[in-house]
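Enquirer: Protein chains in written order, with this note's numbering: chain Y, 10 to 620; chain W, 10 to 620; chain A, 3 to 353; chain L, 3 to 353.
Think of the hints as simulated: they come from the structure by calculation, not from any bench. Warning: the hint list may mix true and false statements.
Stated by the list, open to error - Residues of chain Y placed beyond 12 angstroms of chain W at every Cβ, according to the derived structure:
{"#": "1", "residue": "S33"}
{"#": "2", "residue": "P90"}
{"#": "3", "residue": "T124"}
{"#": "4", "residue": "L170"}
{"#": "5", "residue": "Y259"}
{"#": "6", "residue": "T419"}
{"#": "7", "residue": "E421"}
{"#": "8", "residue": "G430"}
{"#": "9", "residue": "E495"}
{"#": "10", "residue": "A501"}
{"#": "11", "residue": "A544"}
{"#": "12", "residue": "D545"}
{"#": "13", "residue": "H556"}
Claimed, not checked - As a list, the in silico BS3-like pairs of lysine-lysine whose alpha-carbon atoms are at most 27 angstroms apart:
{"#": "14", "chain 1": "A", "residue 1": "K195", "chain 2": "A", "residue 2": "K18"}
{"#": "15", "chain 1": "W", "residue 1": "K606", "chain 2": "W", "residue 2": "K582"}
{"#": "16", "chain 1": "W", "residue 1": "K582", "chain 2": "Y", "residue 2": "K582"}
{"#": "17", "chain 1": "Y", "residue 1": "K485", "chain 2": "W", "residue 2": "K606"}
{"#": "18", "chain 1": "A", "residue 1": "K209", "chain 2": "A", "residue 2": "K279"}
{"#": "19", "chain 1": "A", "residue 1": "K163", "chain 2": "W", "residue 2": "K178"}
{"#": "20", "chain 1": "W", "residue 1": "K178", "chain 2": "A", "residue 2": "K149"}
{"#": "21", "chain 1": "L", "residue 1": "K149", "chain 2": "Y", "residue 2": "K176"}
{"#": "22", "chain 1": "A", "residue 1": "K209", "chain 2": "A", "residue 2": "K195"}
{"#": "23", "chain 1": "L", "residue 1": "K158", "chain 2": "A", "residue 2": "K209"}
{"#": "24", "chain 1": "L", "residue 1": "K161", "chain 2": "Y", "residue 2": "K176"}
{"#": "25", "chain 1": "Y", "residue 1": "K40", "chain 2": "Y", "residue 2": "K187"}
{"#": "26", "chain 1": "W", "residue 1": "K582", "chain 2": "Y", "residue 2": "K490"}
{"#": "27", "chain 1": "W", "residue 1": "K176", "chain 2": "A", "residue 2": "K163"}
{"#": "28", "chain 1": "W", "residue 1": "K178", "chain 2": "A", "residue 2": "K161"}
{"#": "29", "chain 1": "W", "residue 1": "K178", "chain 2": "W", "residue 2": "K40"}
{"#": "30", "chain 1": "W", "residue 1": "K451", "chain 2": "L", "residue 2": "K18"}
{"#": "31", "chain 1": "Y", "residue 1": "K178", "chain 2": "L", "residue 2": "K161"}
{"#": "32", "chain 1": "W", "residue 1": "K176", "chain 2": "A", "residue 2": "K161"}
{"#": "33", "chain 1": "A", "residue 1": "K163", "chain 2": "W", "residue 2": "K258"}
Glycine included, every Cβ here is placed at the ideal spot set by N, Cα and C.
For reference, the chains in residue letters:
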Amino acid sequence: MKPIARVNDFVVKFANVNGSGSASANGLFAKAVLKMGVPVAARNIFPSNIQGLPTWYEVRIVEAGWRGRRGGVDLMVAMNPETWDEDVLEIEPGGYLFYDSTKPLPPSRFRDDVTVVAMPLMEICNAAYSDPRQRQLFKNIIYLGALAGLLAIDPAVIEALLIEQYKGKAPLVESNRKAFRLGFDYAAANFAAIGLRIERRDNVGNRIFVDGNNAAALGAVYGGATLCAWYPITPSSSLAEAFAVHCQKYRVDPATGRHRFAIVQAEDELASIGMVIGGAWNGARSFTATAGPGISLMQEFIGLAYFAEIPAVLFDVQRGSPSTGMPTKTQQADLLICAYASHGDTKHVLLFPEDPKECFEMGAQAFDLADRLQTPVFVMMDLDIGMQDWLCEPFTWDDSRGLDRGKVMTAEALEAGKEFGRYLDADGDGIPFRTYPGTHPKRGAYFTRGTSKDRYARYTEDGNAYVDNMQRLLRKFETAKGLLPEPVIRTAAQSTRAGAVWFGSTGAAMAESLVALAHAGIHLDQMRIRAFPFADAVLEFIADHDHVFVVEQNRDAQLRMMLVNECGIDPGKLIPILHYDGNPLTERFVTREIAEKARLFNVTPLRKVAR
Amino acid sequence: MKPIARVNDFVVKFANVNGSGSASANGLFAKAVLKMGVPVAARNIFPSNIQGLPTWYEVRIVEAGWRGRRGGVDLMVAMNPETWDEDVLEIEPGGYLFYDSTKPLPPSRFRDDVTVVAMPLMEICNAAYSDPRQRQLFKNIIYLGALAGLLAIDPAVIEALLIEQYKGKAPLVESNRKAFRLGFDYAAANFAAIGLRIERRDNVGNRIFVDGNNAAALGAVYGGATLCAWYPITPSSSLAEAFAVHCQKYRVDPATGRHRFAIVQAEDELASIGMVIGGAWNGARSFTATAGPGISLMQEFIGLAYFAEIPAVLFDVQRGSPSTGMPTKTQQADLLICAYASHGDTKHVLLFPEDPKECFEMGAQAFDLADRLQTPVFVMMDLDIGMQDWLCEPFTWDDSRGLDRGKVMTAEALEAGKEFGRYLDADGDGIPFRTYPGTHPKRGAYFTRGTSKDRYARYTEDGNAYVDNMQRLLRKFETAKGLLPEPVIRTAAQSTRAGAVWFGSTGAAMAESLVALAHAGIHLDQMRIRAFPFADAVLEFIADHDHVFVVEQNRDAQLRMMLVNECGIDPGKLIPILHYDGNPLTERFVTREIAEKARLFNVTPLRKVAR
Amino acid sequence: MTYLTKPKLHHPGLPKNALGLTRRDYEGAVSTLCAGCGHDSISAAIIQAFFELAIAPHRVAKLSGIGCSSKTPTYFLGAGHGFNSVHGRMPSVVTGAALANRDLIYLGVSGDGDSASIGLGQFAHVMRRGVNMTYIVENNGVYGLTKGQFSATADKGSKAKRGAVNREEPIDLVQLALVLGATFVARGFSGDKGQLVPLIKAAVEHKGVAFIDVVSPCVAFNNHPGSTKSYDYVRAHNEAVNRLDFMPMRQPITADVPQGGVENVVLHDGGIVRLRKLHAEYDPHDKVGALAYLEAHRAQGEVVTGLLYVEDDPTDLHDAQNTVAVPLNTLSDAELIPGSTALDAFNAALA
Amino acid sequence: MTYLTKPKLHHPGLPKNALGLTRRDYEGAVSTLCAGCGHDSISAAIIQAFFELAIAPHRVAKLSGIGCSSKTPTYFLGAGHGFNSVHGRMPSVVTGAALANRDLIYLGVSGDGDSASIGLGQFAHVMRRGVNMTYIVENNGVYGLTKGQFSATADKGSKAKRGAVNREEPIDLVQLALVLGATFVARGFSGDKGQLVPLIKAAVEHKGVAFIDVVSPCVAFNNHPGSTKSYDYVRAHNEAVNRLDFMPMRQPITADVPQGGVENVVLHDGGIVRLRKLHAEYDPHDKVGALAYLEAHRAQGEVVTGLLYVEDDPTDLHDAQNTVAVPLNTLSDAELIPGSTALDAFNAALA
Ligand SMILES: Cc1ncc(C[n+]2csc(CCOP(=O)(O)OP(=O)(O)O)c2C)c(N)n1
Ligand SMILES: Cc1ncc(C[n+]2csc(CCOP(=O)(O)OP(=O)(O)O)c2C)c(N)n1
Ligand code: SF4
Ligand code: SF4
Ligand SMILES: [Mg+2]
Ligand SMILES: [Mg+2]
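Could you build all of it, start to finish, from the sequences and the hints given here?
Expert: Listed below in C-alpha cells is the structure:
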C-alpha cells in the first residue's frame, strides 16, 4: 500500500478529550496553515458535555479553497485512548497515524496500510514539566510543534501567532514557545519526512477566518438592533454573547459610558420572544437567538407577532433534532416549524445565509425587512455555520446605507390629518402603517391584539372583516417576495435539463461536488435559495428543468415540501438528496448520492464518478 | 314579493343578547321540533364575552335531515335592538320577521319584502310580572309560546319538555308553563297563519342530539383514560368538564366512593401536556383537551413524546385563528401545526371525526392507537362539532372489545429472558416494546430521554445510531397507515373523472351540496378522509381522478398541502375550496364555489345550479 | 364587541387637571364586562388616578394578557397605546417595551389566572428585574372569561358557583412579590376606591416595579356565599393596615418621621405618600414583618389591604442595564451603525 | 457519552441492607460530569440514602429536566426507570407519573436554571399541589451545561468566571417553597454528606412534596473566589439550624416533646426524624419564623441549612383527588369501560 503523497491538499484530524486544553493548540494549527497562505476548512466535533468526553478537530488543508468537508482522514492525531480504535479505523488507506508512544501498544491496535508517526509525548512532557497542569497543557503545544516539523510549517509563523495570542504576557509567550520548540526539534531529530506537506502559497489573501454567530451578532449591531433578549442554548448562545462583546465595543456612549443597547438573559424562551415583541412594538429593533427547542416554545408568541404584525428578528441556529436531539450536532430541520410557525394559518419570512459573511449581511438586513414587512423574520443558521470558523471574504458596509424603518406614521403626518388605519392597506402592497406608542396626544393610538380586528384595529368578530385582514396578510407575503434576497443561479458549463437546489451551509460541499459531478459528466444547473417566500426566479428555475436535486440536511425533505406547496410544483421532478446524521456534509457524500440518483433517473449519459 | 311557504324545511334565527337567559328557551324550541319528529340542524353563534353582547341561535328545521347550515334565514326572531338592522337585512326575500312591537319603530327600519309578525312582548311581560328578573326570563318563554303557536308546534310537546327540564320542581314547571301559554294563546288570538309550518313526522327515530365535546369525553371514558390534565380554553373546556361528569357517573368505586380517575386543571398547557406525558409514560391512559394556542405552547413537549415514543392523546377543538383569533368561531386551521408539531423532523397521527358520534368512537380508539403506536395521537375536532348539538345515530359499544395496550413487555417475559431493547425494532413494523416503570427488579429498566439514543435506549451522539432510529420512526409511521380509520369513499351516481375530498365537520354541508351539484349535472366521486398519515386508498382515489376538489375550513389549504407532501401528488389536480370566516360552512357556499370552479376547470358539462 | 368611544361632549364645567384635561379625556371605550364586575371599578380608579396625576394619556402604554381583566385596558386612557398580548405573558412584553422607550409610563393589567397560573414564571421574574412599571392584578379567584373555573388564587375549600370545592393551596401574589424582591407591594379592593386611587398613584410614581393585588369580585362566577372573593366576604374581612394620601410634591422633605401614626414615604421623584397607620405596629419598610403579618392574617381568613411594603430608593432595570438617558428607540443611525472603518478593523483582526 | 455500568463484582464482604442488597446495587452509570462537580456528591448521597432506607431500586422513578444536574439520575439507582424530560418541566411530568402509579417512589432532580429560571412556574405549582415526591435542586447558581451563564439563583453582585457581575435579585427557592405551601422544606450542601443523607431519607419518607435545595458548586464555572456558590464560600457561611438522624421506626411514639434540644418529628408512616437543634430558637414547625429567619440570615450572606420546615400530617395530591388505593395504571378493562348497557342509557337520555 503506497503511502499518500499530497501537498496542501489533505485532511488532519485531532482526537482529544474535551476540557483538556487541546482546543487552543488545534486552533493554532489551523491558523498557522492559513498564515502559510494555504486555505483550510476546519470543523470542531464536540460532545454535549463540559469535560472528559471525546472531541475531535478536523482540519482540511485545501489549496483549492473548498470550504466543506471532503470525507476521510489522511493524518490522524490520536490523542484519546478511549476512541483509539474508531480513530485508527477512519484513516484512509495509505494514511498516517500520529500518536503518543510513551505506553507501548500491541501491533493488533494498528493497521499495516497506515504509516505510524510515534512520539513519546507524555515521557517528554514529564521530563520537561513537574506540575501536572503544565504537563497537561503544554503536551498540546508540544504535539503542535511536532506536527509543524512533520508537515513543514514555518515555526516563525506559529511563534508569531503565540505572540499575538498572549499579547503583552511575555512569560506566557516564552513558555509556549519553549514547548513548541520542544516538539518541533524532536520532530526534526526523529521523524522521517512523510507524504503530506504544507507549502507556502498566497491563496488566502485578505479573507477572514470567522464563525457565523460572531458574524450574525455583528450584523445585528450594523442592523441597528438595540434589544437582545435571549436564553442560553447550544449552538446559539455564542451569538448573544458575541453581541454583548460587539456592543461593549461599538455601542457605549463615549461621553457617559452608558449603553446604547440592552441585553436581557431572560428566564426562558417564552420570555425572550415576549421581550423582543414588546421592544419591537415600541420601535426598538429587537432580536433573539435560539435553537429548535426555543423555536418550539416561542410558537404562540410568533403567531401573535404574525397576526398583530410586529417586526421581530429570530436567529435560529439549528442543531440535531427532534426534541433535545443532538445539541452539539448540525442539521437544517427547523424549516417547517419556522415557515408555518404557530397554530392557524400563518406564513413567515426566512433567510438562508450560506456562510458567516452572509450571516453578517442577512443579520443586518433582517431588521430592515422586519420593519418594512412588519412581521417576524427568521435567520436560519445552523451549528455548522454558527459555531465553526469559516474562511470568508472580508465583510463590507456601504456608509451611505441607513436603516429602513418601514412605514411608520409620524406625529407630523398625524397632525397634518393623514388618514391612519393600523391595518389599512393604504398602498395596495398589503403593508399598513404603524405608529410608535406615545406619538401623538390625540391621533394614531390603537390597540394591538392577537384577536381579530378591522382595518382600524378595532376588535371585531365579523367574518368579513376577518377574511379581509387575512387576505391582506397574503398580499403582504406576496410583496415580501420582491424584497428578499434573490436566489443565486449558475448554469452548468454544458447545457442540461437537470438542476441542483440547496440553501445554507450545504453550499460548502455543493460547490466542490458540482465540479466533481461535472467531471463525471453530470452537468447540473445550480440554484442556491436565499429566502422564503420564494422569488419567482425559483419557480422558473424549477420549471425550466426536468429533474431537480434538492439537497438538504434533514430527514423529511422540508425545503422540497415548501417548494411543492408554495410553487405548485409536481413533486415528481424534485429528487431529494438528504443528509441528517448531524455531522457536516462531505463533498464525497453529496457527489456519490447525486451520481447514484442521476443514474436511477438517468439524468445524463454517465461516466463513472472517480473516487 | 310572494311570502315564502314551506313545511318542515326552513331556517329560524333568534337574535338575542348573551347572558339574558334566551339560550334555554331557544334550546327548548329546537328540542320541541325534534319531538315533533322533524330533524333540526342548530347552531349557536356567540361572542367571546360573558354578558351583554349579541348572540344568535340558528335553527334549521329540515325534514330531509341535513345536518349542515343551509344559508339564509326565513324567520328572524329579532330580540336584540343593537343588531336589528343586520338581522332584518339577513332575512330571505319573502321571509318573516318576528319582533317586540312594544316600542313602535319607524317604517324605514323594516323591509317591504318581509312579512312582519309583531308582538308587544315587553308590554305583555310587564303586565304579567312585576319582578324585573322574572320579566327578563319569562319574556323568552313567552316568545317561545308565540312561535309554537305561529309554527303549529304542539304545545303538549313543549309542556312535556318543561316537565322533563325542571324534573321535580313543580312550581318552576308551572310558572314556565304559564308563561308559555301566555305567548301561545296570544299567537292564537292575534296572529294570522304564515307560510312556514311544522308538521309531525317520524324522521328523527332514535337519533340523539348531542355535542362533540360531551361525546369525545365519553369516548375517553370508554377508551380507558384515567388521567385528564387540561387548562381551560374555549372551545375545548367543556370536553374536560364533561369528562369529569362522566367519571363521577361511571368511574367511582361503588365500595369506597373513591375515584378510578384523576383530573388535574393544570397551571397552563405546558404543564397539562407534561402531566399527560408523565402519566402515559407510567402506563395510565392520559389525555388533554385544548385549542390552537394550547397546541402552540405544547410544541416542545410533543416533540419529546414523538422522539421518546410516549403515547399521549390530544383533543384539539379548533377555533378561529391565528393567535387568539376568534375564540368562539370555528375553523380547521391547526392541521399543519399538529401534523408536523415541534422542531426538527417529526410527523404525527391525526384523526378527523365528522360528527359527535365519531368524536365518541375516535375518542375511544385514539387511546388504543396511541398505545399501539407509542406516539401522540391528535383528535382534530372543531368548535362546530365540539360545542354544537348535532343529531347523530345512537352510540354503540361492543362489550367483547377490550383495551389494546400495545407492545408492553411484562415482568414474566423479562424473567423468561426475552430480549428487551426499548428502541429495538423487534417485529420489523418499527414499533418497539416498552416496559412500565417498576416492572422488574433487574431487567427492563431504561432511561427515557429527548436526546438521541441507540436501540437499547443508551445515550449516544453517534450519527449512524441516530439515523437508524429516525428511519425506524418512519417505518412506524408507515405501519400507522394500516391501523388508522380508512377513508369513506362513495362513487357518484354517474361515472366521473372528478372528485371531492373533505374531512371533519365539513361533511355536514358536503352531503347536501353533493346532491345539489348532482342535480346541476356536476357529478363527483367522494372521499372523506378520517386520518393522517393517509391510507393508500387516499392516494388511489386521487390518482383515479383528473380534478379533485379539496374542501376545508382554513385559508392556506392545509389538507391539500399534506396530500401533496405525503402522497407526492401533482398539486395541479387538487382544486382548493376554502371557507374560513369562522362561521360554520353552508351548503349554499360549497355548492356555489364548487360549481364555479367546476366551470373554470370545465370539470363537467354544466347546467345552471338551481337557487 | 366593537370598539365604541363615548361622545366626548365637553362640558365647560368639568374640572380640569394641570394639563387642562378633564376626567373624560382619561376614559376609553365602553366596557363590555358584566354589569357589576369589579374590574370596571378598577378601571374607574385608574382613570381617576391618572387624571389626578395629570399624566398625558398618550404617554401611557397599557399592556395586558388575556382574560376579562386583560380586556380592561380598552376601557381607560383611550388616547394611549394598548397591547393585549397573550395569556400570562404580559410581563415579558412590558419588559421589552420598557427597555425600548424609558420615557413612557407602563401599566400592566392582568388577572389572577393570567398572573398566578399560566403567568407565574413571568410574574416572578419581572418582580426580580425591577422593570419600571405598575403591575395590577385584578384578582377574582376564577377564570372569568372561560366561565368560572378556579384560578390558583382561589382559597382552599372555597366553593365554585356550580358547587365544586377547590382542593389546592392558594397562591398569595403579595407574599410571592415580597419574597421575589418587589420594591412596592400593595393590596386593594375594587370596592374601596378611596383606598385604591392613592395606591395606584403612588405605584405609578414609584420607580421600579410596583405591584398591586386588587381583589375584584366576579359577579358572574364568584360572588356567591362561600366564595372568599365575593363583595360580602371581602367587606367583612378587609383588614386595612393603613390609608394613604398621595401628594406629588416635588421638594424633598424629611421622611420616615412617624408623627402620631402618620408617616411620609418619599418617592424617587420627590412625590410623597402620606401613610395614616391603622395598625401602629405595621411597618411598610419591614419585609420580614410584612411576611409574618400576612401569613398570620391569611390563616385567619382576613384580607390584608393597604401599602404593605415599599423600598425607599429602589433601582430599576434601566439602572441595571446602564442604558443611555434617551429612549433606545430614538437613537440615530449614526449612533447605531459603527460603519465601514470599524468593519475594516474587524476584518483586519481576523485576517 | 455511552451508558457504562460498572462491573458488579459482588464482594461477599460488602454490607447488605434489609433487602439483602449492597450499596453497589444502588449505583448507576459512570458519571460524565466534571471531576469535582458537586452534583456527583449529591448522587452519592442519594445512593447512600436509598441503600440505608432499603428501598428496592426498581420501585423508584427518577425524573429530571435538562442540565448537568438533570443528567445525574443516570448515575444512581441503575435498576430504576428514569426520565430525562425537557428543560424546566420535570414537575409536570412527575405529577402525571405520580397520579398514574401511586405505589412508586418519585425522585425529581433539577438544577437552579431548570427550576428557578425556565421552570419556576412548574416548581411553584408542584409545591402547592403536594405531589408525593422528593424534589432536589442541585443549586450552583449557574447554567453549567451551557457553559456558565448566571441562573436566577445567582446572588446579586456575584461574579462570573469571565468577570461579568450579576445585577438581578436572586431567587431563594426555599423561601418560595415555604410561601407556596410546601410541607417539607430543607437545604443542604453537596459538601456535607453527613447532613444531606438523613435529609434525603426523611424527604423520601415524607408524604407530599419534600423539597431540598442543595448548594452544589460548579467547579468548571462557579467555584472561583467571588462566587457565593463556591465550596469555600459555603463552608465559611454555612449556618446549620439543626442536624438530624432518621429512624425508620414504625410504631408511633409521642412526638414534638423537645428533650434537651432534641425533637422527634414523626412521619406519616411512623418513621421518625430526630432533630438535634443547633439553634434553640429555631422551630421547624413555624413557617412564619422560618421565613423571617431565612430573610434575616440571607441579608447577612449566610447559607441557612438543615430541615427548615416540616408539617406534621400533610396531605398529598392523591388525597385531594380521592383516587382509589390501587395504581390507576393497574385498573382492569372491567373497571374502566362502562359498557353497552350504560351507553344505551346515555343514548336514551339524549333521544
Ligand atoms: C394559551 C391560552 N390558554 C388558555 C386561554 C383561555 N383563557 C382565556 S382567559 C383565561 C383565564 C382568564 O382568567 P383571569 O386571568 O383570572 O382573568 P379574568 O377573566 O378572571 O378577569 C383563559 C384560561 C388562552 N386565551 N390562551
Ligand atoms: C428549551 C430549552 N432551552 C434551553 C436549553 C439549553 N440548556 C440546557 S441545560 C440549561 C441550563 C442548565 O442549568 P441548570 O438547570 O442550573 O443545570 P446545571 O447544568 O447548572 O446543573 C440550558 C439553558 C434547553 N435544553 N432547552
Ligand atoms: S365574567 Fe366575571 S370577570 Fe368576567 S366580566 Fe363578568 S363579572 Fe367580570
Ligand atoms: S459544568 Fe459545572 S455543573 Fe456541569 S458537570 Fe461541570 S462542574 Fe458540574
Ligand atoms: Mg380571574
Ligand atoms: Mg445550575
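Enquirer: Next pair to validate is A/K195 with A/K18; report whether the Cα-Cα distance is within 27 angstroms.
Expert: This hinted pair holds, its Cα atoms lying about 20 angstroms apart.
Enquirer: CA of W/K178 to CA of A/K161, is that 27 angstroms or under?
Expert: Given pair W/K178, A/K161 holds - Cα atoms ~24 angstroms apart, limit 27 angstroms.
Enquirer: For the pair supplied as a hint, W/K582 and Y/K582, is the alpha-carbon distance within the 27 angstroms limit?
Expert: Given that 27 angstroms is the threshold and the Cα spacing comes to 16 angstroms, the pair holds.
Enquirer: Does Y/K490 sit within 27 angstroms of W/K582, going by the straight-line distance between their CA atoms?
Expert: 25 angstroms, holds
Enquirer: Can the restraint linking A/K209 and A/K195 be considered satisfied, given a maximum Cα separation of 27 angstroms?
Expert: Given that 27 angstroms is the threshold and the Cα spacing comes to 23 angstroms, the pair holds.
Enquirer: Decide if the proposed pair is consistent with the structure: Y/K40 and Y/K187, CA atoms, cutoff 27 angstroms inclusive.
Expert: 19 angstroms, holds
Enquirer: Any Cβ of chain W at or closer than 12 angstroms to Y/T419, or is the non-interface label fine?
Expert: The assertion about Y/T419 holds, with a minimum of 28 angstroms to chain W.
Enquirer: So Y/P90 supposedly isn't at the interface. Is its beta-carbon more than 12 angstroms from every beta-carbon in chain W?
Expert: 18 angstroms, holds
Enquirer: Is it true that the CA of L/K149 sits at most 27 angstroms from the CA of Y/K176?
Expert: OK: L/K149 and Y/K176 at ~25 angstroms, within 27 angstroms.
Enquirer: Mind checking the alpha carbons of A/K209 and A/K279 for me, to see if they're no more than 27 angstroms apart?
Expert: 23 angstroms, holds
Enquirer: For the pair supplied as a hint, A/K163 and W/K178, is the alpha-carbon distance within the 27 angstroms limit?
Expert: This hinted pair holds, its Cα atoms lying about 20 angstroms apart.
Enquirer: Between L/K161 and Y/K176, does the CA-CA distance stay at or below 27 angstroms?
Expert: 25 angstroms, holds
Of the hints listed earlier, there is not a single one the structure fails to meet.
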